[in-house]
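Below, each chain spelled out in residue letters.
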Amino acid sequence: MTDALSWTWHYDGVILLTGILCAVAASLPGNFLVLRRTSLLGDAVSHAVLPGIAAAFLLTHSRTGPILFAGAVVAGLLTALLTELIRDIGSVDEGASTGVVFTTLFAAGLVLIVQAADSVDLDPGCVLYGALEDSPLQTFRMGGLELPRVTLTLAAVLLLNLVFVLLFFKELLISSFDPGLATTGGYNARLVHYLLMVIVAITAVASFEAAGNILVVAMFIVPPSAALLLTTRLSHMIWISAGIAATAAVMGHFSALILPRWAGYRSISTAGMMTLCVGLLFLAAALLSPSAGVLTGWVRRVRLSLRILCEDLLALLYRIEERSGAREISTIASVEELSRKLLCGRRMLIVAGWIQARQGRLTREGDILKLTDTGRREAALLVRSHRLWESYLVTEGVGRGRIHRQAETLEHYTSEGLRSRLDTGLPDGTLDPHGSPIPGEHDFRSPPDA
Amino acid sequence: MSVHLQIFVQLLQSASECVLVLLAAGTGFRERLSSLLLFEHYNTRIVLLGATLLGLAAGLVGCFTLLRRRALVGDALSHATLPGVGLAFLLAPLMGFDGSSRLVLLAGAAASGIAGAVAILFIRSLPRLKEDAALGIVLSVFFGAGVALLTVVQQVPAGRAAGLDRYIFGQTASMTAADARLIALTAALVALLIGLNFRSLTLLCFDEGYAAARGYSISLLDLLLMSLVVLITMIGLQAVGLILMIAMLVIPAAAARFWTNRLWVMLLISGLIGGLSGFFGALLSALFADLPSGAVIVLTCGVLFFGSLLLGRERGVLVRSMRRSELAAAIDREHLLRGIWELRESAGEESASESDRRAAGFEELLNLRSWSAGRLRAQIRKASAEGLVWLNSLGAVELTRRGVMEAERLVHHHRLWELYLITHADVAASRVDREADAIEHVLEPELIARLEELLLQRQRGSAIPASPHDIAGAAVQQSVAAVQEDRRK
Numbered sequence: 001m002t003d004a005l006s007w008t009w010h011y012d013g014v015i016l017l018t019g020i021l022c023a024v025a026a027s028l029p030g031n032f033l034v035l036r037r038t039s040l041l042g043d044a045v046s047h048a049v050l051p052g053i054a055a056a057f058l059l060t061h062s063r064t065g066p067i068l069f070a071g072a073v074v075a076g077l078l079t080a081l082l083t084e085l086i087r088d089i090g091s092v093d094e095g096a097s098t099g100v101v102f103t104t105l106f107a108a109g110l111v112l113i114v115q116a117a118d119s120v121d122l123d124p125g126c127v128l129y130g131a132l133e134d135s136p137l138q139t140f141r142m143g144g145l146e147l148p149r150v151t152l153t154l155a156a157v158l159l160l161n162l163v164f165v166l167l168f169f170k171e172l173l174i175s176s177f178d179p180g181l182a183t184t185g186g187y188n189a190r191l192v193h194y195l196l197m198v199i200v201a202i203t204a205v206a207s208f209e210a211a212g213n214i215l216v217v218a219m220f221i222v223p224p225s226a227a228l229l230l231t232t233r234l235s236h237m238i239w240i241s242a243g244i245a246a247t248a249a250v251m252g253h254f255s256a257l258i259l260p261r262w263a264g265y266r267s268i269s270t271a272g273m274m275t276l277c278v279g280l281l282f283l284a285a286a287l288l289s290p291s292a293g294v295l296t297g298w299v300r301r302v303r304l305s306l307r308i309l310c311e312d313l314l315a316l317l318y319r320i321e322e323r324s325g326a327r328e329i330s331t332i333a334s335v336e337e338l339s340r341k342l343l344c345g346r347r348m349l350i351v352a353g354w355i356q357a358r359q360g361r362l363t364r365e366g367d368i369l370k371l372t373d374t375g376r377r378e379a380a381l382l383v384r385s386h387r388l389w390e391s392y393l394v395t396e397g398v399g400r401g402r403i404h405r406q407a408e409t410l411e412h413y414t415s416e417g418l419r420s421r422l423d424t425g426l427p428d429g430t431l432d433p434h435g436s437p438i439p440g441e442h443d444f445r446s447p448p449d450a
Numbered sequence: 001m002s003v004h005l006q007i008f009v010q011l012l013q014s015a016s017e018c019v020l021v022l023l024a025a026g027t028g029f030r031e032r033l034s035s036l037l038l039f040e041h042y043n044t045r046i047v048l049l050g051a052t053l054l055g056l057a058a059g060l061v062g063c064f065t066l067l068r069r070r071a072l073v074g075d076a077l078s079h080a081t082l083p084g085v086g087l088a089f090l091l092a093p094l095m096g097f098d099g100s101s102r103l104v105l106l107a108g109a110a111a112s113g114i115a116g117a118v119a120i121l122f123i124r125s126l127p128r129l130k131e132d133a134a135l136g137i138v139l140s141v142f143f144g145a146g147v148a149l150l151t152v153v154q155q156v157p158a159g160r161a162a163g164l165d166r167y168i169f170g171q172t173a174s175m176t177a178a179d180a181r182l183i184a185l186t187a188a189l190v191a192l193l194i195g196l197n198f199r200s201l202t203l204l205c206f207d208e209g210y211a212a213a214r215g216y217s218i219s220l221l222d223l224l225l226m227s228l229v230v231l232i233t234m235i236g237l238q239a240v241g242l243i244l245m246i247a248m249l250v251i252p253a254a255a256a257r258f259w260t261n262r263l264w265v266m267l268l269i270s271g272l273i274g275g276l277s278g279f280f281g282a283l284l285s286a287l288f289a290d291l292p293s294g295a296v297i298v299l300t301c302g303v304l305f306f307g308s309l310l311l312g313r314e315r316g317v318l319v320r321s322m323r324r325s326e327l328a329a330a331i332d333r334e335h336l337l338r339g340i341w342e343l344r345e346s347a348g349e350e351s352a353s354e355s356d357r358r359a360a361g362f363e364e365l366l367n368l369r370s371w372s373a374g375r376l377r378a379q380i381r382k383a384s385a386e387g388l389v390w391l392n393s394l395g396a397v398e399l400t401r402r403g404v405m406e407a408e409r410l411v412h413h414h415r416l417w418e419l420y421l422i423t424h425a426d427v428a429a430s431r432v433d434r435e436a437d438a439i440e441h442v443l444e445p446e447l448i449a450r451l452e453e454l455l456l457q458r459q460r461g462s463a464i465p466a467s468p469h470d471i472a473g474a475a476v477q478q479s480v481a482a483v484q485e486d487r488r489k
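If you read the sequences in order, they're chains A and V.
Under this note's numbering, residue 450 is the last one in the first sequence; the count climbs by one each step, no gaps.
Under this note's numbering, residue 489 is the last one in the second sequence; the count climbs by one each step, no gaps.
Everything labelled a hint here was simulated from the structure, so no lab data went into it.
Among the clues, some could well be false.
To be verified - Covered, in the sense of this in silico footprint (three residues per stretch, anywhere, with C-beta under 8 Å from a C-beta of chain A), are these stretches of chain V: (1) 119-131; (2) 143-152; (3) 226-232; (4) 242-251; (5) 322-328.
Where a beta carbon is used, it is the ideal one built from N, C-alpha and C, also for glycine.
This is chain A alone, in the form it adopts within the complex (with noise of 0.2 Å):
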């Protein structure tokens, strides 16, 4: 196994590592990123430190270093800055603002690298692409040990993000949800978000070398917002978060390793594949979320829809056997006539069958059902239950017209207890409105024989 990937732990295991402080460090802030509904704030920040950096490099001519990090910090907080300003004294759209910041700001970056470039390779694709591949390569000295310093400024930004997080906790979630809240409980909401805003651009900034920006900007956003689909309390999704994060970088390493194999290529971008299986990790859970997934929606739907049809199946033959008055013919009923009377589809309508055949309230002989003694029992109470609504809907002066359609729905959510109280307030318990016999709860009487 260790053969057919290749797997080296000095090289590949630095790519592992790098890629996960990178993406759990990016996940941390993302939260409230996408609480407050600026998501994009992280794409746009992310492009708009060039001219930060590029004005950096002029000044010092090094492609590394504090100043060409504080350079970046500082463009990445002005287009923060800039963007609410134009918002505000322009009545501008938030979307609109960031567009019309980061572009410009972008743009000026690109002028000014070109302005350099005689003299140097800062290539814009690096900042984009990003070479997680080349994290290993790029090591320093630190008391006789090689260490990967892209790696280790990420840590650090990982240990800061975390401080950040768990340190203003409190302030972050009342500031997020409720700024005027937050206002007059004494927090300063601006200095909170100007903070974020911080920690943002520096964890941008610092991911960039490592891993290009397309998977910062991934990791800001995709996984709180898989975790917000599965939870709503903030503390699990940060927990959440940060733990899909770090999955998808260690899904994304291998498939770079494996994938490309297969198709008889090379090498495939591993930053490019983190952020591929974190979109893939968020369609699952866009499916598969226990409350707010799609698919488990569908799903739900498709029981209640079924169970309510194995009610009415039950109902509807008990109710034929009870109009022809006799239990060897009316309990025969074909499933063509049956699809019709209960306006539903052949296949569910089979289904249906199966399932109640198997729990053994009907049985089946080719296109013909029978109901069973158990069968026959529970059909009872079930017509019973809308009997009982019908009248009590009728003593509340509904009309007798609309009074079978709300039995029909009420019928499927009727315990015992409450027909026992349905039953105790009618006057006559015999009869529902329209003439027919409402059977009783316990004493079960067989239909009357031919």
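Assemble chain V onto chain A, guided by the hints.
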């Protein structure tokens, strides 16, 4: 000032007509166009025309996305076209097409752009996730997939030659005649689609609920709008690059919003600003060798945006601050007149002469409200220029005959509203003065008439009802007098 602005807007409009004529020339008469372009600086002309038309078309589409409060949809969708380009390149040979042909790549871009639009609508429909998250997720995940695919494409021998990374950074300067023709066709198509769907798109932007009630499908309309974005993006991307494309979709529309409240005017201005910045940006970068054209176009756009932000005729910062200060001045004027009138009213009939009954000292007025001495002085100067007050021989501010009439009208409004608040809105008498203060300046004549009908049936005799509370001025005056008394002791 507004005359200048009108001239400016007319200039903008006529210039945009010129651009429209150019557009017609570009699509309708290809021979004329190519003869126009076969001049000495053939390449420059192509780039100028292409950039201008692209800016124009993007400006048109941008208006609708801006008004739909989805300005950054261009950001997301332009990133979303990338994986389609990579996939088309890799898969086309398997189906027997040439992977590096332009049509195949464009088809791939369109397909994945539309997939991105559908994904945005899907994420929007999930609980708790909002617009921004939908855009951000589509942007980052699609772009990540695209980057992964591009690294694979680079390993195919033909991949490097196909120049797929042009799709990200764009090379405006190397635009070919075929590019420009494609842009012209797309621009015409976009304009046509907008023209055909003008009504439904307008409804979508301004009143989604009404559009749904009229039987339009909101998701289909959203998809139409996003398809327009994809259409313009996939053509523009390879010509000018990602960031420029986003800028062209956002900035001209946002700038045009400052100039007008009418949609079709906004469309014209936005198209014009897009076209102008495309033209001048390309021109500047052609003149100066080391200016990248895409970036210069964005910066030109940014400058035009900044100008519009300041000078815009409808919502510009200057106009709005002027409107605010005009309103503040009008309110100050009304406060001044009513202040003098009420101060003398509280002094009562026993005052010596008639002129005493109409005049108030500067100190008294200054203490009446929280206005600075300078603001009050300026207001007195203004009112005396209007012939409403004059400074009499004692140095007091005295109402003229017209001033008295105007002041009585204002006091009348103020007290009517106070009475209404007390009798019909159950507001305490001690609070009505402040509440009436806020609304008295904007009462319409019809409303006054109805208030009179409602409240003054029993008091027909006097034109001005008595104040229902202690006149604030009198109270302040007494307390000021008390303070002065204390100081003397």
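How the hints compare with the structure:
1. With 8 residues bearing a CB less than 8 Å from a CB of chain A, the segment 119-131 of chain V meets the requirement of three and the coverage assertion stands.
2. Residues of the segment 143-152 of chain V with a Cβ under 8 Å from some Cβ of chain A number 10, which satisfies the need for three, so the listed coverage holds.
3. For a cut-off of 8 Å, the count of residues in the segment 226-232 of chain V with a CB near a CB of chain A stands at 0, and the three-residue condition is violated.
4. By the rule of at least three residues with a Cβ nearer than 8 Å to a Cβ of chain A, the coverage given for the segment 242-251 of chain V holds, with 7 such residues.
5. Coverage of the segment 322-328 of chain V by chain A is violated. Counting CB-CB distances below 8 Å, 0 residues qualify, and the rule asks for three or more.
The structure shown violates the earlier hints numbered 3, 5.
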